[in-house]
Amino acid sequence: MSETVEREVGRARTRKEDAHLITGQTNWTDNISVNGLLHLSILRSPMAHARIDRVDVSAALELPGVIAAFSGRDLAEAMGSLPCAWPVAEDTVVPDHPPIAVDEVRYAGDPVAVVVARDRYTAADALEAIEVDYTPLPAVLDIEGSLAEGTALVHSDKGTNRCYDYHSASGDYAAAKARADVVVTRRYHQQRLIPTAMEPRAVVVTPLAASGDFTLYSSTQIPHVLRVLLAVTTGIPENKIRVVAPDVGGGFGSKLQVYGEEVITLVLAKRLGRPLKWTESRSEANVATHHGRSQVQDIEIAARSDGTVLGLKVSLLADMGAYLMLLSPGIPVLGASMYPAIYKMGAYDFSCTGVFTNRTPIDAYRGAGRPEATYAIERIMDDLAAELGMDPVDLRRHNWIRHEEFPYTTIAGLTYDSGNYEAATDKALALFDYDKLRAEQADRVDHGDTVRLGIGVSTYTEMCGLAPSRWLGEMRYAAGGWEAASIRVLPTGKVEVVTGTSPHGQGHVTSWSQIAADALGVPFEDVEVMHGDTMLAPHGMDTYGSRSLVIGGVAVHEAARKVVDKARKVAAHLLEASEADLDFADGAFTVKGSPEARKTIQEVAFAAFASHDLPDGMEPSINAEHVLDPDTFSFPHGTHLCAVEVDTETGAVHIRSYVCVDDVGKVINPMIVEGQLHGGIAQGIAQALYEEALYDEDGNLVTGTLADYLVPGAPDLPEFVTDRTETPATSNPLGVKGVGEAGTIASTPAVVNAVVDALRPFGVQDIRMPCTPERVWQAVRSGKETSA
Amino acid sequence: MTHISVKVDGTTYEDDVEPRLLLIHYLRDRLGLTGTPIGCDTTSCGSCTVELDGTAVKSCTVLAVQADGCEVTTVQGLAHDGDWTALQRAFHERHALQCGYCTPGMIMAARDLLREHPHPTPDEVRHGLEGNLCRCTGYQNIVRAVLDVSEEEVTA
Ligand code: FES
Ligand code: FES
Chain A
1 MSETVEREVG RARTRKEDAH LITGQTNWTD NISVNGLLHL SILRSPMAHA RIDRVDVSAA
61 LELPGVIAAF SGRDLAEAMG SLPCAWPVAE DTVVPDHPPI AVDEVRYAGD PVAVVVARDR
121 YTAADALEAI EVDYTPLPAV LDIEGSLAEG TALVHSDKGT NRCYDYHSAS GDYAAAKARA
181 DVVVTRRYHQ QRLIPTAMEP RAVVVTPLAA SGDFTLYSST QIPHVLRVLL AVTTGIPENK
241 IRVVAPDVGG GFGSKLQVYG EEVITLVLAK RLGRPLKWTE SRSEANVATH HGRSQVQDIE
301 IAARSDGTVL GLKVSLLADM GAYLMLLSPG IPVLGASMYP AIYKMGAYDF SCTGVFTNRT
361 PIDAYRGAGR PEATYAIERI MDDLAAELGM DPVDLRRHNW IRHEEFPYTT IAGLTYDSGN
421 YEAATDKALA LFDYDKLRAE QADRVDHGDT VRLGIGVSTY TEMCGLAPSR WLGEMRYAAG
481 GWEAASIRVL PTGKVEVVTG TSPHGQGHVT SWSQIAADAL GVPFEDVEVM HGDTMLAPHG
541 MDTYGSRSLV IGGVAVHEAA RKVVDKARKV AAHLLEASEA DLDFADGAFT VKGSPEARKT
601 IQEVAFAAFA SHDLPDGMEP SINAEHVLDP DTFSFPHGTH LCAVEVDTET GAVHIRSYVC
661 VDDVGKVINP MIVEGQLHGG IAQGIAQALY EEALYDEDGN LVTGTLADYL VPGAPDLPEF
721 VTDRTETPAT SNPLGVKGVG EAGTIASTPA VVNAVVDALR PFGVQDIRMP CTPERVWQAV
781 RSGKETSA
Chain B
1 MTHISVKVDG TTYEDDVEPR LLLIHYLRDR LGLTGTPIGC DTTSCGSCTV ELDGTAVKSC
61 TVLAVQADGC EVTTVQGLAH DGDWTALQRA FHERHALQCG YCTPGMIMAA RDLLREHPHP
121 TPDEVRHGLE GNLCRCTGYQ NIVRAVLDVS EEEVTA
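Those protein sequence lines, which keep their order, are chains A and B.
Residue numbering for the first sequence follows my numbering, starting at 1 and increasing by one per position.
Residue numbering for the second sequence follows my numbering, starting at 1 and increasing by one per position.
Treat the hints as calculated values from the structure; they're not laboratory data.
On a predicted model such as this, the values are computed, not experimentally measured, just so you know.
Check each hint, because a few of them may be wrong.
If you want a taste of the chain A side facing chain B, the calculated C-beta under 8 Å gives, among others [claimed, not checked]:
#1 GLY10
#2 THR14
#3 TRP28
#4 MET198
#5 GLU199
#6 ARG282
#7 GLY505
#8 VAL702
#9 THR705
#10 ALA714
#11 GLU719
Using N, Cα and C, we set each Cβ at its ideal position, and we do this for glycine too.
Please construct the entire structure, taking both the sequences and the accompanying hints into account.
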C-alpha cells in the first residue's frame, strides 16, 4: 500500500494554463500558419429546404488568387456520410449526411460549395461569384407538426420524419396513477439554443505529400475520436492522420463532433497537396455548428395528498434538426435516467420520439439531456407543491433519498453511491435566508406591490463520468467510456503526465498536476501534463459530458499508483529490504523502523534509467499507463436557490440573489470548481432568461449573429454565492464526482421556478423559456384577466 | 492598395494594404500578432479589443487604413520579460479565465475602464465590460480581478 500524503489535492492552486493565455502567446487553431497556406471557405444554403438544380463555380475559378472550387457533386465520391455513433433504437432512421449537399439542401446553412483561395478575402469574393439554382421545397419547421399527416418530408427517401421511438418503463405507472390523489400534467418547452463557444471553429490541415501523412489541427473537444472518424469518412488510414487540438476556446459540447468542414478540409488538402485553413465566422457558426436542446416535454407526476410521489411519466418529442450528428439521437435518451433525479418513487415511464426538421442539427450542448431532464422534474415538483399547498422545499425533503439510504438504486436503474441532500439543502437555505425572503414575498403580495418576489429552488443531481463501456454498449453507443493516462518519471526526476482527456478551459493541466504530485510525492511544479495531440497522447476518449476528472483524473491517479508499485520493487532491491517492509510517504521509500534507509522516487527513477542494478528480470522503467473503464457513473448534487424580483408592469425579471451549495465529492482544486460553477450557472440563467434560436416562417435563422442572439454580458448576471458540502464518491479511489455541468443543470429550473413563483398569485403556472419581459408581461396580463 | 505606417506594441510597420482590410486581420494575418482573437463579425463580443492611441477599440470594426499613423497596443505589448501587468496578475490570481479566448479583449477593455474609473464599484465594472462576452467564467471572477487593481497599478 502506498501511503501518500495529500499536499496538493484540495488546494486552490492558480492555473499553470494561464501564463500563455493572459499574455497572448496562444495557439488557437486560427493562429496556425505555415508556408503556402491556402484559405478554404464554404458557400451555404440560404434556404431551409430546396432542390439543388445547378451549381456553377466557373466564375469563381476565374478570379485571381482562387485555386480551386467544387460543388457537392464534385466531391461526393471523395468522402462518406458523416457518422452518427448513437442510434439509440434498433430501427433508428439514419439518413445519408454528405459533408457538402449533393442534390438537396435541408437547412439554411447546409454547405453547397467550397472554394480554396490564397487568402480569406479572396475566398469570400469567390463565394459571391458561385451561381446556384435552387427549387424551393416545403420546409418542416415545427417539432410538433413534423409527424402530422401530409407534412413535407425532410428526407423523402426515408418516407417519414420520425427518426426513432424509444421507450423504457419500470414499475406500473398506470397503477400508480390510479392510486394517486393528485396528478399534475405539464408541457414544457426546451427552446433551441446556440452553444456559442467564444472561439468559432477552425481547421488547419498540413499534408506531407511524400509519405501521405496529414496533420489536422482542429478546434475540437475530441481529437482521438475525430481521428478514427476522419479515417472512416475519408478512407485515409488512421495511422496517417495526426489530430491536434491546440488551445481550444470553449466547447460546451459543440466541439464534440466530426464536422463536415473537418472532412472537407482534409480531403481537399489531400487532393491539392497544399496546406489549408478553414475558419468559421460567427454568423456561419450560428447556422453551421450544431445547436442544443429543442424538445417538447410532456410530463405527468402522480402523488398522494401528503406529497409522496408515486410515479412519473415522461414523453418527449426531440428535434434532431435536418441530419443526425455524432450523438444526436442519444442526447434525449441520456437524460432518461435523470428524470427521477433524487426522488424515490415506485413507477417511471419514459418515452421519446426523435423527429427531423429543416433546421440546424441538434446535438450535445452543456449537460446534454440532463439539464432538460432536471428542468422538467424540478419544475413539476414546484407545480405539484403548489397543487398540494406545500412549500416546495418541504415537498422535496419528503421525497428525496435520505443520507442513510445510500447506496440507492433509483427507479431509472442507476445506483447512486453517495450523497447528502439534507446537508446541502440546509446549508443553502441558511445562506439564502429562505424564511426571511418568504416573509418578504408574502408582504409584497399583501401590499399589492407591483414588483413581486419569487423564490426558486432546484435540488438536482448530475450524472458524471460517462460511462462504463458496458452500459454504453447496452445503450447502442458506438464507443467505449474508458480513459487513458500514462506517467513517465524522467531521469532527472521530473514527471510527465500524458492524458487522453482534451481540455478546453477546464484546467486539467493544473488539476492533473495536483493529482500526480500527491500520488508520487513530487512537487507540483515538477509535473508537466500533455494532451490533445494523437501523436503525443495516442490513447484517449477526450473531454465531454463531465467525464474528465472522474475517469481521466482517476486514471492519472491509478497510473501513478502503478509507477509507485514498480518503484517499490526497485527501492526494495536497492535498500536490500523486502517490499512489504517499505513505507512510501512524501515521495520516498523508507524501511520500516529505520527511516535513514531511504530512496526517493527520483533516485529510483534514475536507477531505473541507468539500469545498472535492477531486480533480476525487471524491465528498466518505472513508467506506467492505466486505462480506466469506470464501474459506474458519479452523482454530484446540490441545492440552488434563486430570488427574483419581477416587475409586473414591465415584465422585467431581476435576479436579486443566487445561492448554491454543491457537493461534487472530493475537491481537487476549489478555485477551479468554483469557476466551473460560475460559468455553468451563467449559461443556465441564459437559457432561463435570455437565449433562444429563432427562425422565420421560411426557416431562416433570425438570431444568426451575436447582435441578435442574446448571450448575457456582465451586467445581465448577478453575483453568485457558492458554497459546498463534501460527500466523497465511494466508487473511485479519489472520491471525486465531477462538476462540469452542475451549474447549468441546476440553475435553469431554479430561475424559472422563481419567476413562476412570483406570478402564481396571478394564476400563472408556466412561462416559456426564455422568460423575456414580453412573455412575463403577457403572462401577468392574461393571469389578471382570468382572475378578474 | 494604400500605404500605411502603424506602430504596434512598440514596433513600427510600413505596409501596403487593401482599403477593406480590417485592423484585426492586419494584426493577425499580416503582422502575425495572433494574441488578439476574433469572436464575431458584428462587433458584439469584444474578443478583438486593442488600444488605438490609448483608447480601447474593437479591432474588427476598424480598418487597417484608419490606423495609419496611430499607435496600437495589443495584449502582446503588455508583458515585458515575463513581468505581467497588475491586471494580468489579477486575472491569474482570481481565476478570471478558463478557455482564455475572451481574455485578451477583457484585459484591454478593463485597462480602459480603470483609466476612466480608477476605483469602480462592482456595478461599474460590470457595465464597463458590457461589450465583452465571456462564455466560461460567468464574469464574477473577472469583476473581482478588475476590482483588485487600483489606478496606480494598472499602468505599472
Ligand atoms: S471580434 Fe470584434 S467584437 Fe467580436
Ligand atoms: S474564458 Fe472562455 S470565453 Fe471567457
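Hints versus structure:
Nearest Cβ of chain B to the Cβ of A:GLY10: about 16 Å, over the 8 Å cut. The hint is violated. Contact between A:THR14 and chain B, as hinted, is supported at the beta carbon level, the nearest pair being about 6 Å apart and thus within 8 Å. The interface hint given for A:TRP28 is met, as the beta carbon of that residue sits about 6 Å from the closest beta carbon of chain B, less than 8 Å. For A:MET198, the shortest C-beta to C-beta distance to chain B is roughly 4 Å, which falls under 8 Å, so the interface hint holds.
Below 8 Å, beta-carbon pairs count as interface contacts, and A:GLU199 has one with chain B at about 5 Å; its hint therefore holds. At about 4 Å, the closest approach between the beta carbon of A:ARG282 and any beta carbon in chain B falls short of 8 Å, and the interface hint on this residue holds. A cut of 8 Å between beta carbons decides the hint on A:GLY505: the least distance to chain B is about 3 Å, and the hint holds. With a cut of 8 Å, the hint placing A:VAL702 at the interface with chain B is violated, because the nearest CB-to-CB distance is about 14 Å.
Because the smallest distance between the Cβ of A:THR705 and any Cβ of chain B comes to about 5 Å, under 8 Å, the interface hint for this residue holds. Interface hint at A:ALA714: satisfied, since its Cβ lies 4 Å from the closest Cβ of chain B, which is below the 8 Å cut-off. Taking 8 Å as the C-beta contact cut-off toward chain B, the hint placing A:GLU719 at the interface holds, the least distance being around 6 Å.
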